Structure formats: structure tokens, C-alpha cells
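Peer 1: Using the sequences and the accompanying hints, generate a full structural model.
2 protein chains.
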Amino acid sequence: MSNPMVSSLLNKLANYTNLTQGVTEHEEYENEEGVTKIRVKSPQMGTFIGVYLPCMQNILGVILFLRLTWIVGTAGILESFAIVVMCCTCTMLTAISMSAIATNGVVPAGGSYYMISRSLGPEFGGAVGLCFYLGTTFAGSMYILGTIEILLVRIKHCLAMLNNMRVYGTCCLALMALVVFVGVKYVNKLALVFLACVVLSIMAIYAGVIKTVIEPPDFPICLLGNRSLQNHNFEKCVKTEVIKNVTYTTKLWELFCDSRHLNATCDEYFTLNNVTEIQGIPGLLSGVIKGQWSNKTNFSNNCCVVIKLSDSVSEDTYCRVMDSTSTCVCIPFNCVCFRYRFGDSVKKNLVIGTLAWPSPWVIVIGSFFSCCGAGLQSLTGAPRLLQAIARDGIVPFLQVFGHGKANGEPTWALLMTAGICEIGILIASLDAVAPILSINGMFYPVSCVQFFLMCYLFVNLACAVQTLLRTPNWRPRFKFYHWTLSFLGMSLCVSLMFISSWYYALVAMSIAGCIYKYIEYRGAEKEWGDGIRGLSLNAARYALIRLEEVQPHTKNWRPQLLVLLKLDSDLGVKHPRLLSFTTQLKAGKGLTIVSSVLEGTYMTLGAEAKSAEQNVKSAMHAERTKGFCHVVVSSNLRDGFSHLIQSAGLGGMKHNAVLMAWPGAWKQAEDSYPWKNFIETVRETTSAHQALLVAKNIDKFPSSEDRLGEGTIDVWWIVHDGGLLMLLPFLLRQHKVWRKCKMRIFTVAQMDDNSIQMKKDLQMFLYHLRLNAVVEVVEMHDSDIAAFTYEKTLVMEQRSQMLKQMQLSRNEREREIQSITDESRISIKRKKSSVVETLKAPNTLQVPSLSISRDMDEESHGNLNDNAPATPDHRVHMTWTKDKLITERNRNRSEPNVGVKDLFNMKPNQSNVRRMHTAVKLNEVVVNKSQGAQLVLLNMPGPPKTKGGDENYMEFLEVLMDGLDRVLLVRGGGREVITIYS
Amino acid sequence: MSNPMVSSLLNKLANYTNLTQGVTEHEEYENEEGVTKIRVKSPQMGTFIGVYLPCMQNILGVILFLRLTWIVGTAGILESFAIVVMCCTCTMLTAISMSAIATNGVVPAGGSYYMISRSLGPEFGGAVGLCFYLGTTFAGSMYILGTIEILLVRIKHCLAMLNNMRVYGTCCLALMALVVFVGVKYVNKLALVFLACVVLSIMAIYAGVIKTVIEPPDFPICLLGNRSLQNHNFEKCVKTEVIKNVTYTTKLWELFCDSRHLNATCDEYFTLNNVTEIQGIPGLLSGVIKGQWSNKTNFSNNCCVVIKLSDSVSEDTYCRVMDSTSTCVCIPFNCVCFRYRFGDSVKKNLVIGTLAWPSPWVIVIGSFFSCCGAGLQSLTGAPRLLQAIARDGIVPFLQVFGHGKANGEPTWALLMTAGICEIGILIASLDAVAPILSINGMFYPVSCVQFFLMCYLFVNLACAVQTLLRTPNWRPRFKFYHWTLSFLGMSLCVSLMFISSWYYALVAMSIAGCIYKYIEYRGAEKEWGDGIRGLSLNAARYALIRLEEVQPHTKNWRPQLLVLLKLDSDLGVKHPRLLSFTTQLKAGKGLTIVSSVLEGTYMTLGAEAKSAEQNVKSAMHAERTKGFCHVVVSSNLRDGFSHLIQSAGLGGMKHNAVLMAWPGAWKQAEDSYPWKNFIETVRETTSAHQALLVAKNIDKFPSSEDRLGEGTIDVWWIVHDGGLLMLLPFLLRQHKVWRKCKMRIFTVAQMDDNSIQMKKDLQMFLYHLRLNAVVEVVEMHDSDIAAFTYEKTLVMEQRSQMLKQMQLSRNEREREIQSITDESRISIKRKKSSVVETLKAPNTLQVPSLSISRDMDEESHGNLNDNAPATPDHRVHMTWTKDKLITERNRNRSEPNVGVKDLFNMKPNQSNVRRMHTAVKLNEVVVNKSQGAQLVLLNMPGPPKTKGGDENYMEFLEVLMDGLDRVLLVRGGGREVITIYS
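Residue numbers (the working numbering), protein chains in the order written: chain A, 153 to 1134; chain B, 153 to 1134.
No wet-lab data here; the hints were simulated from the structure. Bear in mind that the values here come from a model prediction, so they are computed numbers and not experimental data. Heads up, a few of these hints could be off.
One copy or two, either will do: identical chains are not told apart, so a pair holds if it fits within one copy or between any two.
[Unchecked claim] With a straight-line Cα cutoff of 25 Å, these simulated DSS-like cross-link-like pairs (lysine-lysine) come out:
| id | residue 1 | residue 2 |
| --- | --- | --- |
| 1 | Lys-778 | Lys-762 |
| 2 | Lys-741 | Lys-806 |
| 3 | Lys-631 | Lys-888 |
| 4 | Lys-911 | Lys-388 |
| 5 | Lys-1099 | Lys-852 |
| 6 | Lys-1097 | Lys-762 |
| 7 | Lys-718 | Lys-1099 |
| 8 | Lys-631 | Lys-894 |
Peer 2: Printed below as a string of C-alpha cells:
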């Protein structure tokens, strides 16, 4: 650092390289520490020369100047200016994003690939990196071809030798590869020379343009209509000549017509248009620039500023008018442009050469060196990129390219790159393929641009994502970035991709997409801390918070299960069929939380909890249950389960139903704890307004591999408890296991019901629910069923009401609803706990569904929850005829003591007898009808209020399910879960 | 239903209407019930005639036939066929999606608007619905203009009267609106008549086309180059005439040139091209169809199949050649086509009329009725749609249009629609605006098509979303749908939008986007159970499950806080500043779970828990803490907190740090429970590998409204515990409160440290961490600090090591790492619990960071967690020189009993003295340096192993923090949280 400023700058420029090399500024510290320690001295550059300039030069060279004059030629000066501004902005913004990422910690080899892969994950990084690699490599082919073409055509003037392009190209490639292999430092030293050549060429051309003011060049071009003709194969630019009063046809005529005669059949375009000769290079003062300002206004002038040369007749001497879009050669300060294979030479002169000042040779030699240098740089940069990708091991078959020579030179990668380059050379000079590949002669440049732009796009994306996520690790030293800038850069990259060629853009994107998918499926899983993870976590958090705000609509209701598992002494899952059943019920959708509890303290049982969680997870994996798993340690099981029921899930993702196994051996067990725990759990789900599913004989349930061929799922719809009972068979039948099972729905008619009408109503109800089921109505004596239903009299009554509603016309229904609404408004004033809530607006109705403040007894006994704020669970709507409502209310009033009694706490034996009578009678009917069913679904009555009746309750359920094989007791969560509305 | 099949079908056809009316099939049930009940009898149709046919006719009429011949003219038969197939497919697929949605429950008024809004939410529904409304209304304007033009130009032949278009158009509109207002049923009856007219017109034209085979019509057209000239203003189709050997110019010449003379200056296009006369209607046998197969091959034939009429010279008699895209009139079975204002008439004859058989009048009258009918239908349908949208109340300012007449007729909406229609009429006939609006004369049709296609797009989207989500409520009776079909339909809709006009497509989309945003911000919040909610829940679930699989990378680490709150006796938040501090620390990002515990059972305290949760939520809202809230009821507090620490969060979204307040009054309290609970919580977070933040004097912390102007955040980096200590000030400074505070970092040098070098190293370390901080090294005697650090000797030693590593060059570092890797491979074999883990690959390093199997004593005492599977938390990498490693290891071996003792359990008083000595000495230094700091961050030592030392531990911490105002004790979670790598 003791050198004078200028010489140090020069030294830096000499070491200046265009290679992607990441940030090297942190290495400056090494200098301060003393050079003795550093054995391999690498070039040291500041941020500006080391990072910013190469980026800029790369971007400018490829995108901006590459197509600048072509753009001016086709789009006019004004639009071109807009495009150039876009390109510059894009460049600047990308450079800003890149600077931010590069200064956010150490960036090892790989440059933009490293940045993208570490910010957006291996898939994006690999896809974009490989595309970038391909782009660089193909650019190499292009440069080599350019070099050869300049050498042969311009310098040696041997057009004929072009057929040996492949041979010369291969030689040139081999030579360049050797140079790169032998010493990268020579390439780096040459870079400055090459840069100077480019600058000189540009200057020569602009000098020539200015010269046209003083001395316009003579460069005639023949136009047919508004299309230019290539002057290879004819001499005079006229259709016919009149020599001595006789009209002769010209050579041009012969090209377009089938004979020399004047009455020959000619090409239609030839016939319809006149032939004119104009000045190919009109010069600055000719006014062509003025006409060029906006291309739209001037349909015949869409050509370059100073060079008028439209799509020419191709070299095979027959008139093949290409498409109507005129193309122009551009000023060849960058040899890319030479890929207009013949478009750029008129009368075997290099168009641009005639323009350059002082000599056409400036251009020729300048462009030769430029091409040559760019080729070398491609061959240096591409292998290093490939090596970086290969070393990361994300693409298995690329592994070998990670190796290098002792000094780290990527030998294998260089060979690979040279190979691809060679393919590029062979293909491009293949006569048959060339016209296809080089549509408008722009195959290589456009595809390179696409790949490079894609890379910039993702650099911007990476910066935007990181900034928006605000990960604590995102602390770039470069402060002048903002996500809006990156976002703008992204949009510009996409726009430029599609502006330059929407077709190639799509192709490039699909190539990148394929690589992405390949890496996703085949690549090694890498955790590099990419932002995508943070993005999805953020999205998830946002969704959970937002969804917590609103109660889900009935239409969106789906069972979100909390599965309460028991573990055996080895911490294994006791009833794995519970998980099978969960899988069958959920078919992979919605929330599933599988949970269990260990007794003890976390400090001592932490490890056990972990291994239990692993066991549960592997059981879940085996049963294909997709969901979350919690095994918690609690000082007692009851607290643990209580806690899970209360607080499992997060935000908008909470369970709304609990699934557990029926404690089959509760009678035999010495310890009363398990079944007491069971009843407490039932109570708890009830207070938490969660639905409850209890499976009897869970071990006899089918595994997920079974396919139940025949049989039925029988629903016993005795009381209407939200509709879950009807929904469950539908859900089960989505799974392969139950697909072939038919759904049957049984309902119990009391003596005062018209059972034929009831059946008809139920059928219609099911039609409106879009459920396919066989309907059967079973008649029972009121006394037989009373014990089961009397705590839910209103619920059962409403079931009938709901069916009857179906008979009414839609218009009537609406009017009914209106009257109920009015009615309920009044009734609310009269009676605080109104059965029917106000219906909000006639057309947002969700009828017919029922509202009922849960169990009858809750209302009268004065539930402890009464002072809780009215939860939206209760806010379900119903249809009810006015008179029915009044009748119902009167009825409730007239028998205040019957409806409110807690059956299981009845003291006298008589109640026990009555209860058992009901259970036995109902069980008789159910067994009679559903003995052979694959699954029986039954309403589950509510648990007794006080613990005294617990054993009776268990007994009741036991008798109810007696003799049935697979039973699912279902208790609703206090809300409607099914609706007839779309 | 007793009528014979045919008559019932006819009846249905008579009642057939094109109005958007949703599903009416469910009303069929009303018939069966008896007509007496039904007062307003609405037309009854089956699914096919009621749903499928109107949809098809609407789609076909607007999209398909509207532009068919125009498409054939411009694109050629082959491409047109492709487009027609696309349209048909799109139509069919949309109809399928619509059928699925419509049969998934009752769809009231609003049709596709209702479907979209109920499936995708009010924003999408409103945006698309209003666009659809606008489309329908503008179609109305278009039809009315067509009607007038036919009446005036075709029937009355008064071209001059066209200036009064506005007057006539308004009259026509008023008349039609009146008809609609008076009786919709007449419109419905007329619909069939109009349909018949369209069919007849089509038949007449095709008959005419066939007639050309027998008798080709004489219809000469003058072409200039390949553009047709309108034959109004000249008679002969030649440039010059030779009459008696003298060449005269023609009238045509005058139109293009500035004088009659042969040497006049003429339009360039005129000069360059010849004039020819061709047959305008070449007839079927002329071979023009063959040439038309693919338009690409034949540049001069881009015209209609049988009518050759390109873009004509406009009526102002001067040659304004439009753009080069030739347009053609299409067969006018739908009057839309007449909007080619003059393009369709040549020599004042209707082109298509000359073709029609038997008489041109069939076409004129047919198209008149067709236009008229279509106008009426638009005026009937649009207001009903507007009414449906208004009634939903999603767009506040549209409320008034929800009202209607007594019979439900949308009077206000009709007025509004007529108003918009009138604007359309006025604008379209404005001479100045017309050319702009009617680019290619296609403004109205194209914009309508865009809006309609957008609607279909969203119908398909709705079906696809619902199908993919598999909500239990999605049970359409129509079974022949699939999400791939809907998806294909969507893609086709988008493609067609862009094919018909990408420009209009973007405009239509941005209009819809604006309405969407408006409804999002201003509209009433509606919960219609849309699928978007389900979609985001699904995405969240997927993200949580996927993210659970991998441990987050150090780069992605951010504090995910579990805040343990205390509640006062009124269930309010005791220390709201804890929430303020959370907000300041998180700046709205990442997970925050705020939790508290109530003592009791859920059945009795459920309501209290709910209200406590409400209190916490409102406190969180007040403090702007974004996050989740859990208040759980537990039989004892300890279990509750333990449970929260174990199982709060879900899947990949779990907390990794616990924040709590220091129990300030622990000494004064009679009950030892609170501080014992505190220590247990510390122990529990340690076993759960979670970081712990304890805030002393939390009530003195700044509120989120405060702005700390000056001052510092002081970090006392005594031992390296994962880097959290350094990260926290950075995070705090992101928030406005702490933004102006400077970060200072203090480190304690022991006597054998080179404190100058240490400072330098630390500065470099911070530079690499991209943290701005003032560094200060405090020297202390080993004995003074011993008690604090000796349980963490290695941790402290590693801190120094880490700093020294920074001095090494990158190259050296890499070599070092390699040697460590090798070393550690060997050491693992020798010693099971190796301090340094294997580094995976040289370039995926995450160095320099430390690995330490938590506290020293854990290792030697044999922690109970030892048999737990090695969690990835421990898998952190470090750099270490080979010799240092060996030295360190030897040192550990030589003093096995000093490092392992549990300080707080030392029996003799001497240890108590020593401990207190350390605390006092350290406190002295800290108070001395950081007395005025806004916040002091200190390492928190680990809790004693056994409960005996609990009180000593509390005492130690108390003394350590004595005299400091705001202190945050920080204990790492056992993993690195900060890295120098990008």
C-alpha cells in the first residue's frame, strides 16, 4: 500500500479480471498483517474495481451494447433510448443488490451462484448457476466463431474457407483452452488489452459517423418495394432496361421470374413493387435520423441510423423474402454482431468498415481482439463456476468437476467447458442446423442474454427476500439498498428478458425449471439457511394470525383432529389403528395433532419424551398420517391431556375435534383412573366446544391397506348435533378403504311422527346436502327412546323441523325466515336466552340449520360458562315456523323439571332402570339393523354434570354399543358443520 | 309435468332466457308440492336448458362467433381452426366448472358473481362481478349503436343522419330501458325470436356462400399494393389512363398526389406499389380458401375466406393508410361486427349482403333484430347483477342499488345501467374520441370479451381451488369435473385474453385489481367461507410440517419468543412492559407466543381463561405485539409453565427462547414458590435447549412510545454462549426506541491475556459480524472472575480462541480447518464426547464459531440428557488450532475436579465467600463502566444441579445485578446464532 495512488490503480487495472469472484475486500486485511503469512498472493482489489466494475462491464457488454444499434435500427431512436435507460437501470439496481449480498459476510468462490444458492436455496442456486454456466460457455462458442470468421472473411477474404469453420473453430478452441490451462494470470493481464480494443473500435465508428457530415460515403443499395436486396447476384438495380427502344429484362428479373421474357410469371411481391436504388449510408445530415426518432410513424424507414440495410435476399440466390420485420446490422464494436452471417456484408465489403475512420482495419483488428479476449474470459470463468457448483454437491452427476489440480485449477471443469464449447461450434457451423438455430442470427447472443438476465433476476430476488424477511443475519455493510430497488430490478430483468425475445425467455425459464426440479428430486439435501424457509415460515405465521381473527365458516369446516394416544410401557403406540383411522378420515387434508402424555417431570423424562415422540412419528409415518406430534411430560396425565385439549395448535390452526379410543377394558381394570380420565376428557371437550369422536374396538378397525369390498356405514341420526354424524361417512368414503361402502342413514321416529313423510323429508334433506345415502326410518315408542333423547328433546324436535322445512318453497322459506327474524327480535327482549338468534340479512342465510344452546340442562342448571362471552359457536341460524317456535317455547315452559334433570345423577333405582331400558331397546334396534355394518355411527350423549353419575354413564354407553363390532360415538362441537348452500 | 315431452320442451324453450340466473333446478320440487303455495311462479328449467344452454350461448355468442370470420381473415383457416378449438374447449371447460359449483348447493341471485364471491371471497367476487357488469353494460351500448346504425345506414340509407347517432342512440336506449322496466317477461319471450334471427342470418350467409359455386358474384375491389382501397371516391382502379396515346392521371391519382400532373409528388406507398383490380368475392371455387389455409405462407391474401376486403382508406377521402395489419369484416349474424364503421361497405353496399341468399334483406333485418334483442338482454341482465353485488354490501357506495321495486325489480340498478350505457353511446359517437376508442373498431367487443373471459377464468379458478382443497363441503352433484380440467380452462381463458388483445387484457386486469384493492380496504368484511382461507391454512400447514423436518440454519436463526406473563388478581397483565420489550426486540417479525397460566381446572375456569386471554390480547394490541396468545388452566402453575415450554408452537414454528421478568421481590416474599418456580423454569429451558432472557426491573424498561435519545447498550461478553449476547443489541436497535443507542461491548481479560491484541481481535470479529460497536477490554484478576467463569472455563477460553482465529488469513483458515477436521476425526475415536465436531466440507464451513457441549459440569457430572440422541443443536462448528486443542484437552484433564464442581452447592462457607467475592467484584466493574447505560446485557450462569443451592443462586444473581437499572440476563440455547458467512 506504499505505492503511489496512480501506480496502484494501474496495478489493480492490470490485475483487473472479469471473472466472477465475489468479494475480496476482506483480504485487504491480510496486507496489513504482513505478507509473509500469505503464501499464494491473489490479486487485491477494492470494492469498486473488484466488484462493481466487473459486474458493470459484464452486464453492459452483454446486454446493453450487444444489441444497441440493432435496437436503434428496429425500434427508432426514441424507443431505443427508453430501452437503454431500462438496461442501465437494471444494471445499476442489480449491482446494488449484489453489493448488499456480497457485503453481508464472506462470499467464497462461485460469485452470484453462491449468493443465490445461499439466499434462495440449492434448487434456485443450482438452476440459475447452471444456466449462467451454459450462457457463459455458449458465449465462448460464439466468440470463438466470431474470431474465426473475422480471421477468414475479413482478414484473409476467403469466403470459401468458411466450410472449414469447424476445423478452424476447434483449433482455436483448443488453443484458447490451453492458454487458460497453462496460466490464468496471462488471461487476466490480456483483459485490459481487450477492453482497450473495444473502446478503440467504438471510437473509430463514431469518428466515422461524424466524418459522414463532411464526406458522405457512396454505398448504393437496391430496394424492392421497401425491402433491400443483397447485391451479390445482379449488377443493375432495375427490373428492365430499355436499350435501343427494346426492353430487356435484367439479371434481377431472372431471380424473381421463371423466364427472361417480359410476360414471365414473377413473384407476386416483385410484380407489385417497384425497384429503386438508394444510398445505403445516407450520412448524419440526410435527415434519416429525424425520421428515425419514432419508428412508428415511418413504415418504410425502419433501419439503422446511418446504415440502411434491411432483410436481404439470402445467399442461395433465390428470392426468399423473410418476414416483414426489417433487421439491421449493428455497429460491430462487439463481435457478436458478426453472427449476422451474410447480412452484414454488401458487395463483399464490411458495411461498418466502410464507415470507420481512419481505416476499416481498426474495426477488423479491434473486433478480432475483442472476440478473442472475450472467448478467453469465458473459458476462464465458466469452469470456475462449474467447479463451485460441483463442489457443493447439489447435482450428483457433476461431482467429478469439483476436483482440480494441486493449485485448485478446475481441470475437469475446463475440459467439460471446452467440450460444450466444441458442440456449440459444431452445431453453429452445421449448414442444415444453422438457419434454425440462428433465427435472425441471434441464437447465441439472445440465449446468453436470457441466462445472464435470469441470474440478475435472482440476485435481485435474493436481496429483496432477505431484506423483507429481516433475518437478524441480514446486516450488509453496504447500506444503500432497499427492497423496492431490488424489486424494480427484478421487474426490469423480467421485462428485458421478454423484450429481447419472449420465445427464448420461455425456453430459458423452462430449462431453469427442469434443472430446479432435477435438483429438488435428485440433489443432495442442503441446509444453507436460505430465505425460502424464512419466507414460508413468515407466510405461515401471517396466515395463522390472520385466520385466528375470524371463526371459520360452516362451508370451510373440516375436522381438525387432536388424537389422544396411549403409549405402552416401551413408549410405543398402543393402538396404531387410531392413526390408521385418522388417515382414513382426513385423507391427508387438514390439521392432525397426535399427542400423548408421560407422567413425570421434564428434567428427568425429557429424553423419554423425545424418544416417545420419535416412536409416534414413525408410527405416523407407517400409517401415512400427515400431521404434528406432541408428547408432553406432565406431573399427572389428567393435567397433560387437559393442557393438550386447551392449547394444542397455534393461532388459526387449532383442533376442533378430539379422537380417542374407547377404554374397552374399563370394567375389568382395577384402577378407576383410566375411565375417570375418559369422562373428564369428554367434559373438557364439551366445555372447549370441540367435537368428540370415540372409537370402540379400535384395534378391529381396518388398516389403511385393507379395502372393504362390500358393506355399509350406518349412521343413527337420533338427534341433530351439528351434522357431523352425516359428514363423517362422506369423509371416510373419500379414502380407498371405505370407498365401496354404502352409507345408510337411520332415524328414529316417535309415535307422533309421520314416518313416511319423515323419510321423504330426510331424502330431500340429503339431496340438498349432496349426500348419497339409503334412508330408513325406525319407529320406536317414546318411552323406549326417552332416556336417550330427553336431555336433548329440543335437539330431536329440531331434527324433524329441519326436515319439514325442506318441503317449503324457497320463497316461503325466505318469508318464514323474515318472520322468525322479527319474532326473535321481540323474543330476545322478552327472554334473555333466546333459542333462535337474529338472522342477519335475508340473502346471507345459512339455513336450514339449528341453533340450540347446547344441552337443555345447561340452560336451566345455570352452567358455569353462562357468564362467558357468547362465542360465535352459538351463532348458528335456523329456520323455524312461527307457530312451531311458540309451541316449542310453551312446551319447554310447561315441563320445566322433566327436561332439566340429569339422567345419570337420578337417585332412585327407577331411573337406572329407565336408562338401561332405553340403552337396551336402542341397542336392540341398532344391532338388529346394523349388525353387519362395517361401521356404526351413534350420537354420544353428554356426560353427567357431577362425578357421581360417571359409572352409570360408562355403563350406559357400554350397553348402547353392545354387540356391535366397530362403533364410532360422535358428539358435536356445538356448531353446524354442514350446509346446503354453495 | 303431465304435458307431453315435446310440448314441455317447447315451453321450456319459450321461457328460455339468457339472463344470469344461477341454478333453478331445485325449484322443481315446488311443482311437485302443488302450485297453490307458490305465488310468484318463476320459469322452471332443467339443468341442461336452464344452466348449460344459456352459458354456452352467452360464451359462444360473444367470444366465438363474434370474431370468427375476422380471425379467419387475419390468421388463415388453419390457425383459426386452432383458435376456434381453443374457444370451444374453454367454453366447455368453463361450463363444466360452473356446473360443478352450481350443483354444490343452492346458488341464489348473482350467478357467476355469487359463485366466485362465495368460493374465492368478496374481493375477487366483487372485482370480477363488477367487471362482468361493466362488460355487459358496454355490450349494451354496443348493441344499441349497432341497432341504430343498421336502422339508419342499411334500412334508411341516410349516411348523413349518422351525426345524430347520439340522439337516436339515447332514444333507443330509453325505449329499451322502458321495455325492461315494464316487463322482463317480454324480454325473455323475445329472446327466442332473436336467437332465431341469428340462426337464420347465419344460414342465409352460408347459403350464399354455397351459391357462389354456381354463380360467382361480381364485386370488384381495387388494390394498391396489397391494401384495398375504398371505392367511394374514384371510379377507375388505375393510376393513369392512356387515352389516345396521352397518359392522363385518374381520380385515384389525385387522392394520393399533390397535383394532377404525372410528375407530381405522391405518397411513397402509392409510388412504390401498383394498382390492381381483383374480385372481392372470389367464390368458393376460386382457390382462395386453399391459399388461406395458413396465412404465414401468403402475405398478400390475409383476408376473409370469401370476402376479400382489407383495411380501407377512411372516409375523409385522404389516403390515411392505417397500420399494416389487414382487417376484414366478419359475417354479421351478430351486429357487433357493424362497428367496422365504414370498412364493411364498399360502394355503399353491404358486402355481406351481396353474398346472402335469397336476399340481402335477410341479413339486414336479421342483424337488426339480433342487435336489438341483445341490447335488451344486456339491459335486463346487468341491473340484476349490480343488484346482487349491491345487496351483498361489499362495495359501500353501491348500497343504494340493492333496493328494488316491490316485486324485486332493480329499479335503481336499471337507472345506473342505463346511465353507463348512455355514456358509452355518447363516447362512441364522439368524432374526436371514436378513432382512439375504436382501434380496429374493436374497442367494445374486445373489452367485453376481456371482462367475460376474466369471469370465466375465475369460475374455473374457484372450481379448481375447491377441488384441490377437498373441503368436506365440496360435494357437487355434478360429478364430471376435475381440477386439471378447470386448470386447463383457466389457462385457456388467460391465453384467449392475451390472444384477443394483450393490451386490453392488461387494462381489464388492472381495473379488476383496483376494484379488488378498493373492496379490500373499504368494503365490509364478509365471511362467506371462501376457499382462500382454506388455501392459506393449507399452505401454512404444509410449511409447518415441511419446516419441522430440518433444524434452522444459523443464518436463519432469529429469536422466536415464548413470553411468560404473570397475571394480577383481575386477570390483567402484571408487567405490560414485558410486551413492550418483546415488540422492541422482534420489530414485528418472527414468532411470539405470549402465555400465562391460571391455577384450577378447565371446567371451572374456562371462562376466566377466555377473559384472561382477551386481556392479554388487548394488552398485546396496545403494545403492538404481533403474535399468539395462550392462557391455560392447570392444576398447578409449575405444570402449566412446564407444558408451555415443552409444547407451545406447532411443527416448524416453535419458540427457541423464553423471555420472563426477574422476580424482583423474591427476598421479601413470604412464599418461596415464585422464585423456586423461576429456577425450575431456568432449568427447564436449559434441558429444552432454549435460550433464556431475564429482564430485571422490567417496569422501568422504556415503552414503545419512548425514544431513547442518547446512551448505550452495554454488552458484557464474558463467556461466549452462542453469540446471542451480541445479536440482541443489533435487534433492539432496529426498533425506534433503541435506534439512537450505541452498542458497547465489554470483555474481561484475564492476566495472561494480551489485552491490546484482544481488543484488536474483537474489533475485527465485530467487523466480520457486520456489527457496529465500541470495544472495551477490562482487565481483572483471575481470582476475581473465577467463580463466574470457572464452570465455563472452556467457553471463556474459546472466546479468546475465536478472536485469535480472526487474525489468520482466509487461506490459512481453510488449512487450519482441514487440520482440525482431520484431528477431530482422530480425536472422536479416542474420546467419545469430542469438543470439536467434524466439519463436513471445506466450503460449507460456518466458522469461526464455537462448539461446546453446554456447560462443563454437564459433561463431567454425566447429565441425565446424555443418553438422549445427539440433537443438531450441538452440531456447531469451530475453528481451533491443532496445538491449542491438545493443550486445552490436557488442561482439562489436569484439573478434573476444579472445572466440574457445582459452585452453588459447595458446602463450606469459603465457597460462599468466594462466590460472593466474584459477584461483588464483577458487579463493581460493571457498575463502574455501565452505570449510565440504557441497558446492560450480562451472561447468565447456569442454575445449580440440585435444589440445595437455589437460594445461593438467586443471591448471586441479585448481587451481580445490584446497582444497575435495566439488566437483561442472557443464557444461550446451546447453539450458535450468529455467523460471519453470507
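Peer 1: At most 25 Å between alpha carbons: which applies to Lys-631 and Lys-888, within, between, both or neither?
Peer 2: between (57 Å within a copy, 18 Å between copies)
Peer 1: Given identical chains, is Lys-778 near Lys-762, meaning Cα to Cα at most 25 Å, within a copy, between copies, both, or neither?
Peer 2: Within one copy only: 19 Å inside, 30 Å across.
Peer 1: One pair to classify: Lys-741 and Lys-806, alpha carbons no more than 25 Å apart. Within, between, both, or neither?
Peer 2: both (14 Å within a copy, 22 Å between copies)
Peer 1: Between Lys-631 and Lys-894, at a C-alpha cutoff of 25 Å, which is it: within one copy, between copies, both, or neither?
Peer 2: Classified as between; 17 Å across copies, 67 Å inside a copy.
Peer 1: Between the shortest in-copy and the shortest cross-copy C-alpha distance, which are at most 25 Å for Lys-1097 and Lys-762: within, between, both, or neither?
Peer 2: For Lys-1097 and Lys-762, the Cα distance is within 25 Å only across copies (21 Å; inside one copy 37 Å).
Peer 1: Please work out whether the CA atoms of Lys-1099 and Lys-852 approach to 25 Å or closer within one copy, between two copies, in both situations, or in neither?
Peer 2: The answer is neither: 31 Å in one copy and 49 Å across copies each exceed 25 Å.
Peer 1: For Lys-911 vs Lys-388, is the C-alpha pair at or below 25 Å within one copy, between two copies, both, or neither?
Peer 2: Neither, since 98 Å and 85 Å both go past 25 Å.
Peer 1: Using 25 Å as the alpha-carbon threshold, which applies to Lys-718 and Lys-1099: within, between, both, or neither?
Peer 2: within (23 Å within a copy, 32 Å between copies)
Going down the numbered hints, you'll see the structure goes against 4, 5, while the others check out.
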